[in-house]
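S.K.: Here the protein sequences line up with chains A and B, keeping their order. For the first sequence, numbering that gives the first Met the number 0 assigns the number 452 to the last residue and increments by one with no breaks. For the second sequence, numbering that gives the first Met the number 0 assigns the number 452 to the last residue and increments by one with no breaks.
Think of the hints as simulated: they come from the structure by calculation, not from any bench. Treat the hints with care, as some may be off.
No distinction is drawn between identical chains; accordingly, a pair holds when it is met within one copy or between any pair of copies.
Claimed, not checked - Here are the simulated DSS-like cross-link-like pairs (lysine-lysine), alpha carbons at most 30 angstroms apart as the crow flies:
id, residue 1, residue 2
1, K363, K79
2, K171, K17
3, K181, K134
4, K11, K336
5, K336, K171
6, K79, K285
7, K50, K181
8, K226, K369
9, K162, K17
10, K109, K50
11, K113, K50
12, K17, K289
13, K171, K371
14, K299, K363
15, K98, K369
16, K253, K299
17, K417, K334
18, K109, K121
Protein chains: 2
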Amino acid sequence: MNKSPDAHRMEKIVSLCKRRGFIFQSSEIYGGLNGCWDYGPLGVELKRNLKNYWWRVMVHERDDVVGMDGSILMNRAVWKASGHEDTFTDPMVDCRSCKARLRADQLVEKNGIKQCPNCGGKDLTTPRAFNLMFKTFVGATEDESSLTYLRPETAQAIFVQFKNILEVSRKKLPFGIAQIGKAFRNEINPRNFTFRSREFEQMELEYFCRAEEGMQWLDYWKEERLKFYENIGIARDNLHALTVPDEERAFYSKGTYDIEYDFPFGRQELEGVAYRTDYDLSQHQKASGKSLEYFDEETKQRFIPHVVEPSAGVDRTVLALICEAYSEDEAPDEKGKMETRIVLRFHPRIAPIKCAVFPLLKNKEPLVAKAKEIVALLRPHMYVFYDEVGAIGRRYRRQDEIGTPFGVTVDFETLGEKDPALRDTVTLRDRDSMKQERVPVKDLPGILVSRIS
Amino acid sequence: MNKSPDAHRMEKIVSLCKRRGFIFQSSEIYGGLNGCWDYGPLGVELKRNLKNYWWRVMVHERDDVVGMDGSILMNRAVWKASGHEDTFTDPMVDCRSCKARLRADQLVEKNGIKQCPNCGGKDLTTPRAFNLMFKTFVGATEDESSLTYLRPETAQAIFVQFKNILEVSRKKLPFGIAQIGKAFRNEINPRNFTFRSREFEQMELEYFCRAEEGMQWLDYWKEERLKFYENIGIARDNLHALTVPDEERAFYSKGTYDIEYDFPFGRQELEGVAYRTDYDLSQHQKASGKSLEYFDEETKQRFIPHVVEPSAGVDRTVLALICEAYSEDEAPDEKGKMETRIVLRFHPRIAPIKCAVFPLLKNKEPLVAKAKEIVALLRPHMYVFYDEVGAIGRRYRRQDEIGTPFGVTVDFETLGEKDPALRDTVTLRDRDSMKQERVPVKDLPGILVSRIS
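Same shape as in the complex, but just chain A:
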């Protein structure tokens, strides 16, 4: 069977991720663990840059949001009250022919008969509810009294700390609580590389407001979040804000947008922006017996606030960034012959390495010394990479492939050996245009900082 161009493109992306150290299979030397992934040296930098930019925009630059960081293990009562223990399930079907374990909504249907997508078998079990939470036992006994779960979402930690944080932060409505952290879902079929995995990271904001302003904040956050994705380099044309239809929304939600991205494997959700009403806080107030009300000093009223939740997937967004950045063009090799160049066109703001520094030749001590000086000059401002190995063209190509936006080369002009006026200048190469400009070393920090922030 011929692969579609999109499937072929995805294969190349997955291969690059492994080859250059963005993403590896977890426990790979033991055959991996289905649905779990590790980030390598470049992947961890990309993910850090994404999370730090989210924190900057969502917390530090706003007067109306504070952060928190809750534990992954929580009291089981949280998951009873939130409804997860009873209803956080997927319908599961077994194929009796090939023993595949399937999500009921992923069966294929031919002539009205449900079939296994793996083997085409028709001997399927009736669907049964499978709870997606990972269980564990806290304490020395293993029984109902010590059972709890790995959190399947970070949001509930925010709801159960609402009152504490309201008190310490002295915030008035509307205000939000932001959190980044891991969550776990025992997916029946992890798939699409890191897209649907069993261990993942979320960036969530719970934005509390008055009931009458809920719909308006829902639209505000949908727009803010779309802007966010554009600001990290995802083209608006590849983003879609889907209004989730009434029948597909959670029963307590008065409105939900899915922000979707055109992955090579299809249009898929990056983030949900959901108006969750007062459902969660009401559930926890009821179950805990503790008041989660807000006291309005002006109207003297007490009430449970409503909440709008922009909830983004870190791993999905990292994958979208890599897919969006991946491109191929033509560039000359050392001998001037055109060859295919792989380039990750990351926005400089999120690129793992901001600038690579090269001495033209590694066996010329003054070039090497000057290049190392420049590394030291830039390092307090950004993550820089020093490379002296191989022809300069190959070094550029290695950086293009991992999305480093800028390259600085120290050559004989830098040493002032030809033209004294060019002493202490270097070439600054742009990854995308491949154009080089000559700039004084002392101007480098200022130029680069302005281009990466």
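Chain A is fixed; fit chain B onto it per the hints.
M.R.: Just chain B, lined up with the frame of chain A:
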């Protein structure tokens, strides 16, 4: 029984942590979950600053270290090979009188007879090995084939990815792989606030080297790590590098230092710096059948590198930072009467909020407008906080208590209403000395950035 001064001090610290939003009990409204903690708005900032500084010093500022971020769930084979499945246990004893579950090494002994530290009971079970790893099941069945564990340390993720990272990073020995992430231990007795908890975060470096250089790198990293703690504001006098005696070291270790801190509850370990030899990589090579050897291009030899591991606890260090910073002195209240001032003397580098900005009066529009302008001026450079509520003295005191090193006040001089020469100047107050200097607004970013980095 009278409390010791140290116990009293610790109580005040715990109380401040809750009152001002550093640390809360996880799932507090449901009675908590023993050994699990949440970080509130200030705690999360403090923890972020600590982790970011560690990453900067350990990864970004070095040519010989790269980062990674592995998953918490790994293939169970990892924990068989590492020895954790068989031997990562504590000896556990039950007190038949009060039903307390105890670590055998925490029993008290009177006249040679072991007793329960809770009730004094002598009717104790014989110690049995209790594995500290949390179990869970990955996939739709719950049996031996799907069993795995929450990682009890982050280090093993580094060892099993050693070969992948060596290949993509093109590093030569000696070089290191750094990681920050969560780990979990089902402690029999979580205690000392966040110090010994069941869910915690580690900052670990595995530094690979030649066997003959192991002891030398062990000493190098002990010194580097001591410097690190001094650079985040912990006095050298409160730090201790304990040489772990032969009989207390892991059997594979050729040398280990414990870096300890004088907490109010006693001298306790912040970090272990351990020379682990080639034990871990050898175990994984044997168990996986995959070569984890390093090829030396110069000598043409293949061998398994040795490793030195500086492994620090994030939560312990956060707690040490708070304990170290906590102090009380005397300051005048609004009427000039001396009162006790609580002040967290955080190093500006790790303080949650770097600068607070105050308009002298909140009902004077030009003061408020100017203060907000200054917030916008500083925000791209640091986390700032705007406060207009209450007398200025009280606002200073609130910031002192959370360790904000700088306060900027906009007053009538700023507006140029008295002396035109003072227009666009503000007072800059130092938390520790409480001294104020008059500085031009335009100089603020430069002055503050140099003091916080």
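S.K.: Please work out whether the CA atoms of K253 and K299 approach to 30 angstroms or closer within one copy, between two copies, in both situations, or in neither?
M.R.: within (27 angstroms within a copy, 67 angstroms between copies)
S.K.: Given identical chains, is K171 near K17, meaning Cα to Cα at most 30 angstroms, within a copy, between copies, both, or neither?
M.R.: between (47 angstroms within a copy, 20 angstroms between copies)
S.K.: Is it within a copy, between copies, both, or neither that the alpha carbon of K98 lies no farther than 30 angstroms from that of K369?
M.R.: neither (63 angstroms within a copy, 69 angstroms between copies)
S.K.: When no copy is specified for K299 and K363, does a C-alpha distance of 30 angstroms or less occur within a copy, between copies, both, or neither?
M.R.: between (76 angstroms within a copy, 26 angstroms between copies)
S.K.: Since the copies are identical, ignore which copy is meant and state whether K336 and K171 lie within 30 angstroms (CA to CA) inside a copy, between copies, both or neither.
M.R.: neither (64 angstroms within a copy, 32 angstroms between copies)
S.K.: Given identical chains, is K162 near K17, meaning Cα to Cα at most 30 angstroms, within a copy, between copies, both, or neither?
M.R.: between (44 angstroms within a copy, 12 angstroms between copies)
S.K.: Quick one: K109 to K50, C-alpha cut-off 30 angstroms, is that within a copy, between copies, both, or neither?
M.R.: So K109 and K50 fail the 30 angstroms test inside a copy (44 angstroms) and across (54 angstroms) alike.
S.K.: 30 angstroms Cα cut-off: does K181 pair with K134 within a copy, between copies, both or neither?
M.R.: both (15 angstroms within a copy, 18 angstroms between copies)
S.K.: Taking 30 angstroms as the upper bound on the Cα-Cα distance, should K113 and K50 be classified as within, between, both, or neither?
M.R.: neither (42 angstroms within a copy, 51 angstroms between copies)
S.K.: With 30 angstroms as the alpha-carbon cut-off, assign the pair K50 and K181 to within, between, both or neither.
M.R.: both (12 angstroms within a copy, 17 angstroms between copies)
S.K.: Please sort K171 with K371 into within, between, both or neither, judging by C-alpha distance up to 30 angstroms.
M.R.: Only across copies: K171 and K371 sit 18 angstroms apart there, 51 angstroms inside one copy, limit 30 angstroms.
S.K.: With 30 angstroms as the alpha-carbon cut-off, assign the pair K17 and K289 to within, between, both or neither.
M.R.: Between copies only: 17 angstroms across chains, 49 angstroms inside a chain, cut-off 30 angstroms.
Hint check: violations occur at hints 1, 5, 10, 11, 15; the rest are consistent with the structure.
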